[in-house]
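Visitor: Here is how the chains run, residue by residue.
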Amino acid sequence: MWPPPYRAFFEWVATLPGSLYLREDAPSFFGTFLTLHVLSMCLFLGLVFMMDLRLVGVAHLETPVSEVQRRLFPWQLLGAIIMTISGSILFYAQPVLYWGKGFFWVKMLVMPLAIANLLVFHFTTYRSVAEWDNAPSPPFAAKLAGILSIVLWVAVLAFGRLVAYDWWTIVENVQ
Amino acid sequence: MLQPFFKWMESLAVYRSSIYLGPGVNLVHLVSMVTFMGALLMVDLRLLGTGLTNHSVKQVTRTAQPWLIGGLIGLALTGIPAMMATATQQYASNVFWAKMYILFTAVIFTFTVRRKVTQADEAHVSRVWSKVVALISIGLWLSVAAGGRLIMYL
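In the order they appear, the protein sequences are chains A and B.
Going left to right, the first sequence walks through residues 1 to 175 as the numbering used here numbers them.
Going left to right, the second sequence walks through residues 1 to 154 as the numbering used here numbers them.
Pulled out of the complex, with its shape left as it was, chain B reads as follows (with noise of 0.2 Å):
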């Protein structure tokens, strides 16, 4: 149903102008998720209780948030290109589309569960659940990642 769609993206070559910008933009990718990934990671930790204990949940988020914010802007601003400039080859990759599915849910839940957990009062949050909701938070961007590493391999 959307390969016409990603038929038209791919005839857009983004990349056309210059053979240095699908590299440069695979590199600011990379940059964006390893910063994100990273503020991410601060947190999730904490909420594991390792880390940055001497501070509550929600200070060390405050201070990771615009790092976790800017990274994911990042990587929407360079992954939408360098999806556009192989369309066609993305729409027939099953890798891909695991990707996209997994990153919806990472998205949706990073910004209402996990929001919430990190949000709240600690003394409100049972321990267990915002343990369970950090491994659920590393396990879905751990994957999203290596998805996007694997569809050139799978």
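The following block holds chain A by itself, in its conformation from the complex (with noise of 0.2 Å):
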């Protein structure tokens, strides 16, 4: 798996008209795109986190988990969209940089573990929340998701920031 397939579709990404402008007549994009997904992060993971507490039953216990969810979502999704759209923007325009970087890679596998532990959990153990609304400590599921949205969003994170240092990276002479 090292190094990692599909290069031919990174150098094809890189080629195209946009991807090439950011890349070479727009030196400021980096520091800009980079800056606004660490501030949506604060907005998207930093909510996250407080219903996950709420999930696990260590915060915020006065208010109903469902309360909490559904008031803390649309910022979580405004979040979650300046980040997917900042952090494509990244990709876009360095695409042959990021597929020679091995955290890059982890990141992307673990992004759909984390995405498919909230969905598992909205659509099974959360159908019941009408139950244990209001209870300090929800059942076991919901801590269960809660703990693991926050282990795996701090994966995210930590492959996310290590793909900045040059371990496990092959460099490239040519975009």
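Note that these hints are calculated values from the structure, not bench results.
Some hints here could point you the wrong way.
[What the hints assert, rightly or not] From the derived model, a few chain A residues whose C-beta atoms are all more than 12 Å from chain B:
no.: 1; residue: Met1
no.: 2; residue: Pro5
no.: 3; residue: Leu34
no.: 4; residue: Leu39
no.: 5; residue: Leu53
no.: 6; residue: Ile81
no.: 7; residue: Gly100
no.: 8; residue: Leu109
no.: 9; residue: Pro112
no.: 10; residue: Leu113
no.: 11; residue: Ala116
no.: 12; residue: Phe123
no.: 13; residue: Ile147
[Stated by the list, open to error] Only pairs whose alpha carbons sit at most 20 Å apart, straight line, appear in this in silico SDA-like list of lysine to any residue:
no.: 14; chain 1: B; residue 1: Lys58; chain 2: A; residue 2: Leu61
no.: 15; chain 1: B; residue 1: Lys131; chain 2: A; residue 2: Leu61
no.: 16; chain 1: B; residue 1: Lys58; chain 2: A; residue 2: Val58
The beta-carbon is built from N, C-alpha and C at its ideal position, and this holds for glycine as well.
Both chains are sitting in their own frames, so use the hints and assemble them into the complex.
Guide: So this is what it looks like as structure tokens:
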């Protein structure tokens, strides 16, 4: 699996007009979109953590679980949208760089797990929320979803940050 | 004036024992930041009239506060060594100093004006003032986060 597959695809993305423009004519794109990525992460992940802590049963215990979920969701979604757009632009500008980054691939494998965890929780355990909405300590399945959410999203954050270092990298002369 | 002090901090080479120390400290800094910002935004959104509106500002603040303080302590404990490791570079960076001035302002604001508004009885605080305080708080802390990110790029 190393070097990673699909190199031709990443090279093709790099030839697209917007990609070329960002890479060669817009030197400030990286700092700009990386900052946007980090700020939207504060909104998304910060509020996801707050909800997870309620699910685990350690914070906001006076508030029903469904209320925390419903009221924070629009803001989590806004954060997720800005993160996705800024992240996609960062990738679009330097696809071959990310192709050669081991931690980028790991991040892209862990992220679907984090999303799967929230979907599974939402369509199974959360369906019975009315029964335990006010309980300071939600059922085990809910706590597990909350812990998994924190662990998996911290992993996504950590692997994303590790992309910035030289470790596990194929250095390319040509983009 | 402070240059010798910054040179001395860098000479301590706080990360010398392991190449994993820098990235590790950085990661804890980011997780602390996310926790801090989550607790901050929950209360600020409530002040803006959204989020957990079935509860009073006071209630939301009380439940968010331990995570705000915990996050801030984590940020300080990791931010200080991260700064010391590259102290001369930080000293020379305008963005670093801008971040420090804004951080100083944000901390003072949070523990005076914002604290007063979040502890007060809502009947005694005008809605407009609550919203202004929330917007200033969000603006200050997002600027601190942006400053931290941009030290390397500006």
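Visitor: Hints first: check each against the structure and report whether it holds.
Guide: Hints and how they fare:
1. With a minimum CB-CB distance of about 23 Å to chain B, methionine 1 of chain A clears the 12 Å threshold, and the non-interface call stands.
2. With a least beta-carbon separation of about 27 Å from chain B, proline 5 of chain A lies farther than 12 Å from that chain, consistent with its non-interface assignment.
3. Once the 12 Å rule is applied to beta carbons, leucine 34 of chain A is inconsistent with being away from chain B; the minimum gap is 6 Å.
4. Listed as outside the interface, leucine 39 of chain A is inconsistent with that label: its C-beta sits roughly 6 Å from the nearest C-beta of chain B, within the 12 Å cut-off.
5. With a least beta-carbon separation of about 7 Å from chain B, leucine 53 of chain A fails to lie farther than 12 Å from that chain, contradicting its non-interface assignment.
6. Distance check on isoleucine 81 of chain A: its Cβ is at least 16 Å (rounded) from any Cβ of chain B, clearing the 12 Å threshold; non-interface status holds.
7. Every CB of chain B lies more than 12 Å from the CB of glycine 100 of chain A, the least distance being 19 Å, so the non-interface label holds.
8. For leucine 109 of chain A, the condition that its CB be more than 12 Å from all CB atoms of chain B holds, with the nearest at approximately 19 Å.
9. Every CB of chain B is more than 12 Å from the CB of proline 112 of chain A (nearest about 20 Å), matching its label as outside the interface.
10. Non-interface call for leucine 113 of chain A relative to chain B: holds, since the shortest CB-CB distance, roughly 18 Å, exceeds 12 Å.
11. Listed as a non-interface residue, alanine 116 of chain A keeps its Cβ farther than 12 Å from every Cβ of chain B; the least gap is roughly 21 Å.
12. Taking the minimum C-beta to C-beta distance to chain B, about 24 Å, the non-interface status of phenylalanine 123 of chain A holds against the 12 Å cut.
13. Distance to chain B confirms isoleucine 147 of chain A as a non-interface residue, since its nearest Cβ pair spans about 15 Å, more than 12 Å.
14. Restraint check for lysine 58 of chain B and leucine 61 of chain A: the C-alpha separation of about 14 Å stays at or below 20 Å, so the hint holds.
15. For a cut-off of 20 Å, the pair hint linking lysine 131 of chain B to leucine 61 of chain A is broken: about 25 Å separates their Cα positions.
16. Pair hint lysine 58 of chain B plus valine 58 of chain A holds up; C-alpha atoms about 18 Å apart against a cutoff of 20 Å.
Hint violations for this structure: numbers 3, 4, 5, 15, all remaining hints satisfied.
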